[in-house]
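Q: Starting from the known structure of chain A, arrange chain B on it as the hints suggest.
Going down the list, the protein sequences come from chains A and B.
If you read the first sequence in numbering that gives the first Met the number 0, its first letter stands for residue 0, the second for the next number, and so on.
If you read the second sequence in numbering that gives the first Met the number 0, its first letter stands for residue 0, the second for the next number, and so on.
Since the list can't tell identical chains apart, any single copy or any two copies may satisfy a pair.
With a Cα cut of at most 25 Å, we get these calculated DMTMM-like pairs of lysine to aspartate or glutamate:
#, residue 1, residue 2
1, K51, E111
2, K377, E311
3, K300, E216
4, K300, E311
5, K300, D290
6, K51, E180
7, K40, D159
8, K70, D56
Think of the hints as simulated: they come from the structure by calculation, not from any bench.
Computed from a predicted structure; not experimentally measured.
There are 2 protein chains.
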Amino acid sequence: MIFQELRINPTRLISRVERLGKIGALEGGGVCRLALTPSEKLGRDHLVAEMKALGLDVAIDPIGNIFGARKGRREGPAVMLGSHIDTVATGGLYDGALGVLAGLEVIATLNEGNIETDLPVVVAAFTNEEGARFAPDMLGSLVFVGGLSLAEALDIVSIDGKRLGEELEAIGYAGTDQGPEEVAAYFELHIEQGPVLEDEKVEIGAVLGVQGISWTELTIRGRSAHAGTTPIRLRRDAGLAAARIAAGVGAFVRSMGGDQVGTVGASTLTPNLVNVVAETAVMTVDLRNPDEGLLQVAEAKLTALIEQIAGEEEVTIERRSLARFEPVDFAPALIETIDGTARVLGFSTRRLFSGAGHDAQMLARIAPAAMIFVPSVKGISHNITEYTEPADLANGANVLLQVTLKQALPTNGEEA
Amino acid sequence: MIFQELRINPTRLISRVERLGKIGALEGGGVCRLALTPSEKLGRDHLVAEMKALGLDVAIDPIGNIFGARKGRREGPAVMLGSHIDTVATGGLYDGALGVLAGLEVIATLNEGNIETDLPVVVAAFTNEEGARFAPDMLGSLVFVGGLSLAEALDIVSIDGKRLGEELEAIGYAGTDQGPEEVAAYFELHIEQGPVLEDEKVEIGAVLGVQGISWTELTIRGRSAHAGTTPIRLRRDAGLAAARIAAGVGAFVRSMGGDQVGTVGASTLTPNLVNVVAETAVMTVDLRNPDEGLLQVAEAKLTALIEQIAGEEEVTIERRSLARFEPVDFAPALIETIDGTARVLGFSTRRLFSGAGHDAQMLARIAPAAMIFVPSVKGISHNITEYTEPADLANGANVLLQVTLKQALPTNGEEA
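Here chain A stands alone, though its shape is the one from the complex (with noise of 0.2 Å):
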């Protein structure tokens, strides 16, 4: 293979990931960079600038999404490498910075080897993927695709009550460019997020697709009364059926076992005082499996358990779905050309399924797409402590790296 020589900078690509990670630092490490907020902005701001650096033509779409195209010997589809810039409210520095920055650290090495490509080289950093302020979650990849209309998301309310298409205004990324019309390949380089593969040992994760994900909001309607004179039979606590209800999904994905989980992230009671039973409980429910069937199983399962504390605590149960999204294969081709590519590097590998939804799973919809996953410590994200060691972002990015140029150049190669 050409070039096959050819490595990242590591110790540029690890101040690209410090550099972006001062950017909504959180005392104690960590950052919160919210979707669509000041901090976030100041970190699409820096990104668009360090694209600009690198000749990229950047292009914002109307949703927000941000692409900065390398030209390539001729007008095709485009080699895609992207992730996003968002975080959860106390996220780390990687989980979906790498992914970006990566491919930035792509475009350097390819620009200081004067390497033309014959496909245009693309990243791109997609809106909201955390689906932490706005739901659904990977919602800028979702527009992109197709997915869902402009006009409906532009529309979606925040957690703090703001208008996606106005908060967008606010930070100037309502974009009026399009991204790529067409997409050869999308590769997308991320930490595990999970602990498979430091456990294992193993250097490189083959994505083998992404598991399925139902997101239910619960509103649970009681009475608020006095907690100390309202006889235990009178009662209609929404406290307490928030709290049935969550215990007994921590009891059924228990008794599910294999590839099941189940989490009550958020659950808010109104009024919230000590000697008031609760009026109202807001609770959400996150369920994921990678095998559709038994996804299933599990919704069926909460639907039982709402209905008989519904019942039994005399409540009444809204629910909502926040999103909802089958379990998604990656494309075989693309799978074998990461395997192969990280084996004839000298990694180990292994391939998986992603225990978290990534914009890859949008993308897969118009494009062959896949995922070169990096072993995150302790298996810890969504959390200040998430890291993962320089030697592996550097190896993750070499994949990246190598697996473009397969993509991106032409198939012969002999012109390069």
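A: Only chain B this time, still in chain A's reference frame:
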């Protein structure tokens, strides 16, 4: 009995309730006058003005308790009629306010009749009875009876992070006066806040005492992690632990039956996001029973539950007592006076325990104390739909007037 035909003015009493109810009024009904907030300050200003208009000598003590004194023929221990005007965040018009405003109505009735009592009659409004903003509840009366030092009380920090002493200063109610040195008898008229009187169609409750109260705050610390990629076996989910404890409290309270009640009214997760396993949960547990032994049984069950869940969910749980009051018995002679007087006035009566804490239980430490209950529609309180029929308000105030006369007039009444 002399003055046995004397009655309060029902229209004027309702007007008192309605006028105070406009201060801190919520859309849709009810009021929010959390202790020492700007809206409660306005309520205090209104009360002080009403007291002065009735010719009372107003004294504000260093914890902000308000006393309005009507002189007696001699300087002796005072007959005190009191309660509180602070409310929970979504409170009603009657809880607390009735006891204070009926006290004013008693004074107005005495004034109209040019009735000179032997002992002074004092109307009292105690600071922070609800405990919704500062723990413990019944704080002002607790300090008044010497159960908590002023210095400690002033250092208490509110749920919104403010020091009590500074909040008192800010609203101008850090007084320098002292309340009555000696209390001959304390009467508190209050809505039942429970369903018993209404269910049994009884007009006046003679309160036997107050059930014991145990408030505990739990701080649960786990580890935040990605909700999709962290296998269940590797989680330390503070939210799941909190839910299991809240559901467990609900279960053991039901299994104990009898008069035991238990409530998890407040529970807050951090970071409280759909796709992040909660790192911390802070929750409160409110346990009450009129029997001290059974209350201790409930507390022991809570302790066992906490230890079990901490172990099973691999979280740490820190516990802090927010309040602990043993059951209180009221003065038998005053209970008999209330019950007998009400029957003489033609009302049906019943003796019962209070399910809620009241300032009267603090006063009972230093003086004979008792309470008069009137029915609560549907037993609802700490809720904007809290309601008591006008006739019941008037009945309760007339009982208050008559028992006040019995205590404050000379024993033989011949000089009146």
